Each structure stands twice: as C-alpha cells, then as structure tokens.
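Given only the sequences and the hints, what does the whole structure look like? Please build it.
Given next are the chains, with one letter for each unit.
2 protein chains.
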Amino acid sequence: MNNEAALPLECPIPISEYPRVTMAHGGGGRLMNDLVEGMMKKAFSNPALLAGHDGAVLDVPDGRQAFTTDSHVVTPIFFPGGDIGTLSVYGTVNDLAMCGARALWLSAGFIIEEGFPMEDLWKVVSSMAKAARKTGVEIVTGDTKVVDRGKGDGIYVNTAGIGVIREGVFVAPSMVRSGDAVVLSGDLGRHGVAIMAEREGIRFGTPVVSDLAPLGDVVLDLMNAGLEIHCMRDLTRGGLAGALNEIAGTADVTFSIEEELVKVTDAVAAACELLGFDPLYMPNEGRFVLVLPADEARKAVEVMRKHETCVYAGIIGRVSPREHVGVVMKSRIGSWRVVDMLSGEQLPRIC
Amino acid sequence: MNNEAALPLECPIPISEYPRVTMAHGGGGRLMNDLVEGMMKKAFSNPALLAGHDGAVLDVPDGRQAFTTDSHVVTPIFFPGGDIGTLSVYGTVNDLAMCGARALWLSAGFIIEEGFPMEDLWKVVSSMAKAARKTGVEIVTGDTKVVDRGKGDGIYVNTAGIGVIREGVFVAPSMVRSGDAVVLSGDLGRHGVAIMAEREGIRFGTPVVSDLAPLGDVVLDLMNAGLEIHCMRDLTRGGLAGALNEIAGTADVTFSIEEELVKVTDAVAAACELLGFDPLYMPNEGRFVLVLPADEARKAVEVMRKHETCVYAGIIGRVSPREHVGVVMKSRIGSWRVVDMLSGEQLPRIC
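Read top to bottom, the protein sequences are chains A and B.
Counting in the working numbering, the final residue of the first sequence is number 351, and the numbers go up one at a time with none missing.
Counting in the working numbering, the final residue of the second sequence is number 351, and the numbers go up one at a time with none missing.
It should be emphasised that the hints constitute simulated quantities derived from the structure, not laboratory data.
Please read these numbers as outputs of a predicted model, since none were measured by experiment.
Any copy, or any two copies together, can satisfy a pair, since identical chains are not distinguished.
The calculated SDA-like cross-link candidates involving lysine to any residue, where the alpha carbons are at most 20 Å apart (straight line), are:
#1 Lys151 to Glu114
#2 Lys299 to Leu227
#3 Lys263 to Leu275
#4 Lys41 to Gly249
#5 Lys151 to Glu200
#6 Lys330 to Gly179
#7 Lys151 to Glu198
#8 Lys151 to Pro348
#9 Lys41 to Asp252
#10 Lys151 to Gly115
#11 Lys42 to Gly249
#12 Lys123 to Glu138
#13 Lys41 to Ala172
#14 Lys151 to Pro76
#15 Lys151 to Pro117
#16 Lys151 to Asp120
#17 Lys41 to Thr250
#18 Lys151 to Thr75
#19 Lys42 to Asp120
#20 Lys123 to Glu198
#21 Lys42 to Ile15
#22 Lys42 to Thr250
#23 Lys41 to Ala51
#24 Lys123 to Asp34
#25 Lys151 to Glu113
#26 Lys263 to Glu308
#27 Lys151 to Met23
Printed below as a string of structure tokens:
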C-alpha cells in the first residue's frame, strides 16, 4: 500500500484567499466544507472518511479491541524532533500499543483559534497524514471547531484510537507480579528538555531533540517473540516516576529500580541540572517500561535493541510485594530513596 | 442495570482546598491522579475505565461498527435545556445513531482552562455520567489537559464514540435514491435560539429551551420496524439546509422540500425574525432527517411520533435526480427558491 504520492505538497486551500483560519471555517457552511473536503479529506484520504457520513463505518475483526484518547495542547506546536500533528498520531498509537493492541483507526478533533495561519494548519495536518501512513493507521473520522481569538492557543488536537488485540494477549497493570523484571526502553527526558529549550529559547552545545517515536513495531516484535508481557506503559506526563507509581497503585506492588541502570544522555542530564528538573519525572514521547517475568527480561531487551528507538533498552529493576510506597530507587552511591509521584507538575503543556 | 445511586451528589474533590482547577491538575502528578481517581472514575465508573490502563480494553461483538468524534466548544457551557456535558454525550451518541449504530462506548477528552471552578467541572462531569446512563453508553477512557489562563474558555470537551451496526443495516449518504422521501423529525431551531438568547441576555415571552435529546431509541425503533433506511443526518451546525446540501453533494441528487411542511414553533420563528436568522440554518441537537423509500415514509412518521422528541415528525419533501443545485424549497406562496449552504456561519460556538 503506497499512496504517499497522494499527499499534496502544498497547502490545498488557497493561502492568498484565506491566509488565516476564520470563525466561518468552523461554522458548518461552505467554508468549513471547503476546509474538510479540500484539506482534511485530501490529506487523510481513505474510504471510510470519504464516505462523508456522521461517523466512520468499519469492518471489525473478531475479538477484543483497545480504545483510547488524548488531547494535545503542546506549546510550541513545532519543536525539535516533531510537531503537534505527529505527536497526536504517535501518542495515541503508542497508548494502544501499551495495551498490547495494533492501532487501526484514529479520529481527529481540531480546536483551532481564529487567526491561526492556514499554512501552519496544513503543516500539522500533513504531519498527521505522514505519521498515520508510517504507523499503518487510518484517520477515518474527524471534527473541526474554531474558537474566537484569545479563547485558544493556535491549535489543540484530540485523537482517539481503536486497535485490535490478538488472541491470548492480556497486558494490564493488574497482571504485574512480584518477582517480575522492569525493562526501560531507552534514555529518559529528551522530549521534555527539547520542548523546554524551545519554549525558553535556551541553546545547548549539543541540541536535544525529542524522542518522539511510534512504538507499535517494537511492541509487535515483543509479542511475536512469544514473551509473557504483563504490563507496558509509555512515559509521557509524569515520566518514569509517574508511570511506575500508577502501575504500583493499580497492581498493589513496589518497584525497586537502580539509578545506575536508568540511561540519561549527558546533554539531557546537563539540561535537567541547569533547569532544576529530575529526569525521572521528565516526559518522553517514545519511551516505555515493560514488566514481565524476570527470566524473560534478557530476551526482551535483545528484541528491543534491534529497534532504533530502543538501542539503550535495559533491565532497570524488579517488582516486589507492596511495602508502603510504590517506587524506591537505589542511588549511585548505594543509598535507597522513595520515588514519589509529584504533587503538581514539572512541565505544563508538554503534550 | 441500575447503578444510579453510585453517582456522588456533591463534588467529590474538596472544594475548600481546590476551588479552581490549577495547571497541576493536568500535570501528570498527584493532583491529576486525585482528579482522575476522585472525580472522573467515580462519575463514569465501569470495569474498562477502572482497569487503569493507557486505553480501555473492550470485548467487541462481531460485525461492523461506527466510530465518530466531536469537540464541544459551546458557549455558554450551561444553557436552557442542557450543558456542555450532556451535549458532548448526546451529540456523539446521535452521530452514531445516524450511522445506524447503537452507541456502546465513549472516550472523554477535557481541555480545561486554569482557574475553572471545580464545582462547574463536577456539574459537567456529572451531566456526562447521567447522559451516559440514560443512553446506555459507558465512558471507558479519557484524558484531562489544563491550559494556562487566557488560552482556553473554561472547558472544551471532546468525545469519541464507538457503536455497533447490526447485520443488514446499510445507512449512508450514498444509499439515497431518486424518488425517496425526506422525513424531518421535529421542529427546527430551538438549540440555536436558546444559546443565542442566553449569550445575548435576550428574554422572550415564551422561553425557548434547547431541543437537545438522545436519538438512539427512536433510530432503534425505526430499524426494528423493518424500514429500509437509506440515510439519516442530525441537524447540528449548518442546520437542515447544511445537512441536506451535504447529503445531496455526496449522493449527487437534489432535495425538494416544502416550507409549509417544515415545523418551526412560533417562539422560534419570532426569535429568528428578531435576530435575523433563518430557521433552516439554525443548529439543533435533537433533530434529524431521514431519507427512505417514499412508500415507507408514512410508517416511519408513525414510529417516530411515538417518541417525545419526534411528536412533530413529518414528510417534508422528496429526492430527485441532480438538477444543478442540492436543495430547493417551495415557499408558502408557491414559488421555488434555492436553499444553498451558507458561506460562513450564522452562529459561532453553538456546539
């Protein structure tokens, strides 16, 4: 299936006529119709979308499916290593992958601020189209709203996604068992640092690029390797610390990890020190933890390292029965500390 | 299934401690966790949601399904006859019904402006929970983002929905045939007038209340009656004129309707005249058109009128081969006029 050529190179809406999105582009009239037919349908072209219905009609394979949603409010919308469009597709594809599901279909809901440059809208939409093709999903239904100037921030993008789960796969926080190993898929903190640097206009000697990446393929390989995956979780808002604490809460276990085994690049470590952030809490957009029986962990790492996004994959700790707190970490000097969930947040609007 | 009692009557987040939503409520830390666990999961309680996964895992019946999404940006968020919460559930349930699907599962994506009153968030969330129970859907997955003050407008709610389509049902604009009849489910314009009146502080002698209503039950009855439904479309943004023009474009036909047969209440007619609006373009949230073979139209009207939201259901016109334009209307004095799609919009942020 190669319909890459079908994606127009330039904005298909005449920029000279409509350089900026107007309230009428969301009003249900001809301008909205032009935007949907002329831009969205050209970019996301597929039979379900082109049917022009109130929703997409889909032929569903037998079995179980996963369903998820995320609204994306990242600022700035263009950042080193990606943009809000790519993020909105990979983010939802990754959430489905974390459920052990292969993503098939996405919805796209746009909330656009009046005055948003049409050219930027096209960039976002074509990023979404490219990301969808790369991950093998179709954007089959959508919605566009325009809000008055000052009532938004350029563009917000919601995606919801449906994926299929193959027979025999039961991946969930509740499957986590004492004695399991914890595998981390790569180095931490690049997405958060890339966004903060861009937002604050900070330049580093080595530029930090977001780790934004799709995780469907590596998860598929893990499942194909016949591994008994208990739980996976991508490390977005709240970072590694947030993800492990959430799983620990649901599974009623304690995670013990070792700082020495958690990979952070020198550039990210330096930036975090400068900005006063802890990499454990930094959001990522292409990293995940995998929890599985300890005797399968080495094999999992081997499978993961074959993927470019997982070259730093490694075992970082293990699961034990619940002991008061969710996550503890052995520092480089050998002392143990509690890794709590943050009360508030380190970084607003990171995804 | 009666778990109505499980919905807390009062806001389960301590208002005295957090009277307003803070950036940290969207930050991936403990406060967000408190909001999700303490409010969302209590309101929407169901096994898929409570599993605490990155997405909901669902057992899907065999066959085809419909998938749709809508972002809701209505202002004001509380209006006569409903609020943004009820609207966001019924709107998506109705879009699924229009595909001939029975809605089963919804996602909910919140974009909340920093400073939004916690009490109002609870009102919106509990409206969603009630609307979900009333329509038999479960809100199985969700996402909460908080944006800085001045970058939103209180609250925006995206819902995406999945519904199942029974064997043998093929409802789509492309099924519309010349000779078909057009049935309108009720009087036009109440939602638009109710919102505008509230927004502009206009008081009418007879208060106009939104027609907001779920359409799943009446559609189910239509299908159970064995009618050969060709197409259905709810009359939201763009109103009756927008919906018919869209279907006409996809099906390559012309609709001829009669003004005399299109029901508009006196209160709405008066308000539209005062405000300079045309009821044909006014948005509705509980009205739809049904296109089906002419000899089945009477039976359809009979079935529809048994439902409170469809007491004014009636045949308003017919379908003929395409003749230059999408929709023509015979006026009360017998002359014909073209009913075009509006270029822009009558009413911004109506849904």
